[in-house]
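Visitor: Here's the letter readout for the chains.
Protein chains: 2
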Amino acid sequence: MRTLYHLPLSPYCRKIRLVLGEKRLPFESVVERVWEERPEFYAMNPAGEVPVLVEDNGLVVPDSSVICEYLEEAYSDTPLLGRTLAERVEVRRLVAWFDQRFARDVSRRFIGERVMKRISGRGNPDGTVLREGYAAMKPHLKYINFLAENRNWLAGNFLSLADFTAAAHLSSLDFIGDIDWSKAPAVRDWYARMKSRPCFRPLLGDRVSGITPPDYYANLDF
Amino acid sequence: MRTLYHLPLSPYCRKIRLVLGEKRLPFESVVERVWEERPEFYAMNPAGEVPVLVEDNGLVVPDSSVICEYLEEAYSDTPLLGRTLAERVEVRRLVAWFDQRFARDVSRRFIGERVMKRISGRGNPDGTVLREGYAAMKPHLKYINFLAENRNWLAGNFLSLADFTAAAHLSSLDFIGDIDWSKAPAVRDWYARMKSRPCFRPLLGDRVSGITPPDYYANLDF
Chain A
1 MRTLYHLPLS
11 PYCRKIRLVL
21 GEKRLPFESV
31 VERVWEERPE
41 FYAMNPAGEV
51 PVLVEDNGLV
61 VPDSSVICEY
71 LEEAYSDTPL
81 LGRTLAERVE
91 VRRLVAWFDQ
101 RFARDVSRRF
111 IGERVMKRIS
121 GRGNPDGTVL
131 REGYAAMKPH
141 LKYINFLAEN
151 RNWLAGNFLS
161 LADFTAAAHL
171 SSLDFIGDID
181 WSKAPAVRDW
191 YARMKSRPCF
201 RPLLGDRVSG
211 ITPPDYYANL
221 DF
Chain B
1 MRTLYHLPLS
11 PYCRKIRLVL
21 GEKRLPFESV
31 VERVWEERPE
41 FYAMNPAGEV
51 PVLVEDNGLV
61 VPDSSVICEY
71 LEEAYSDTPL
81 LGRTLAERVE
91 VRRLVAWFDQ
101 RFARDVSRRF
111 IGERVMKRIS
121 GRGNPDGTVL
131 REGYAAMKPH
141 LKYINFLAEN
151 RNWLAGNFLS
161 LADFTAAAHL
171 SSLDFIGDID
181 WSKAPAVRDW
191 YARMKSRPCF
201 RPLLGDRVSG
211 ITPPDYYANL
221 DF
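Which chain is which? The protein sequence lines are A and B, in order.
Heads up: the first sequence at position 162 corresponds to 162 in UniProt numbering, and the numbers run straight through without jumps.
Heads up: the second sequence at position 170 corresponds to 170 in UniProt numbering, and the numbers run straight through without jumps.
Think about it this way: if two alpha-carbon atoms lie no more than 30 Å apart in a straight line, the pair counts; the simulated DSSO-like pairs of lysine-lysine are:
(1) A/K142 x A/K117
(2) A/K138 x A/K183
(3) B/K138 x B/K117
(4) A/K138 x B/K117
(5) B/K138 x A/K117
(6) B/K117 x B/K183
None of these hints come from the bench; they were simulated from the model.
Input sequences plus hints: build the corresponding full structure.
Guide: The following block contains the structure:
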């Protein structure tokens with residue numbers, strides 16, 4: 001059985017779960033506590049990070065960006081990168097935007113402080129880092145709101161990997177209750193559409209010891 | 001004319017210059033002083049970072065990973081990602097390794113302290129950061145040496161984007177004289193092969209105000 005090594009609140013892992021679901025590729029998921037530095041896991045992925053996908057034929061595919069390009073090439077029935085060169089540039093540009101810039105400014109601060117510290121037993125969240133995260137989130141939500149107001153989906157007229165990447169990051173933050181949706185109504189509407197897709201259901205059922213998501217987290221109407 | 005907005009010592013920009021050269025795609029290069037936050041540049045790339053490639057037809061392609069995937073799709077005559085799915089996974093895995101992990105551990109420390117601070121007038125290098133960089137470089141050189149000893153090229157039997165990515169990072173560090181090549185003989189031999197490729201020539205002629213590369217930087221025999 002195809003296996004995904006992951007952490008439930010990692011945006012990068014959530015993206016792969018969404019993409020596998022959207023492409024209707026069945027998989028078994030295994031939670032990998034990366035901070036325990038399991039030698040067998042390092043043998044599979046010297047980077048020691050999740051997500052790692054292992055195919056039935058034994059092919060090991062690490063790193064969310066590598067996995068997405070791989071899945072797009074190996075299972076092209078549900079294309080998520082667009083058709084034309086220009087479309088594919090815009091999809092990949094936004095994927096890089098969320099996975100690098102949004103991650104650095106926002107996700108890493110909240111997930112690092114509120115989730116990773118708790119589950120790996122490294123103390124309490126640092127208020128300064130969280131305040132920096134809230135400040136950085138405002139212009140980001142404004143930009144996503146601009147995209148959602150002016151396009152059917154974030155990268156254009158078609159559902160793409162840009163939507164799944166953004167939704168993966170926002171869903172992790174939503175789990176820990178750190179998004180003020182009232183400030184970005186178009187993002188909220190777009191995210192409600194994303195949440196209602198079948199591939200999203202497993203994410204909405206996630207349970208993480210010691211962290212209780214807000215009531216609206218799994219509510220399809222918010 | 002195809003135009004690349006770049007900074008001479010950015011490993012990400014150097015990679016694109018190498019790939020354009022290897023694919024024999026002529027281009028004009030424009031140095032973009034990103035810290036000046038030129039509005040016209042932000043209009044092209046909201047991330048405000050180099051590299052940005054602008055094609056003759058007006059298509060704007062930002063971000064080195066997006067540019068590489070684009071060039072591979074648009075100009076497939078000189079494929080740099082491998083043929084089989086497994087080859088492409090290994091190439092992209094190593095590209096991500098260098099652009100994320102090696103960059104975070106090593107390149108960013110040296111380029112940030114020795115280059116960016118100088119050219120943007122932000123003071124002197126921080127010795128602590130440089131020492132962290134030297135310490136982090138050792139296991140990285142060991143890993144690249146292991147790859148170079150056991151494979152013809154870093155990702156396998158074929159020259160690939162993994163080689164150009166690694167060479168781009170190492171060439172930036174070599175320019176500022178921060179690599180002890182004697183510790184990694186197989187890396188040195190592999191890098192000499194990379195340096196002798198025609199696409200490398202423009203990089204070896206780079207001049208950066210206030211920074212003088214060591215004599216061996218542009219020497220094809222080291």
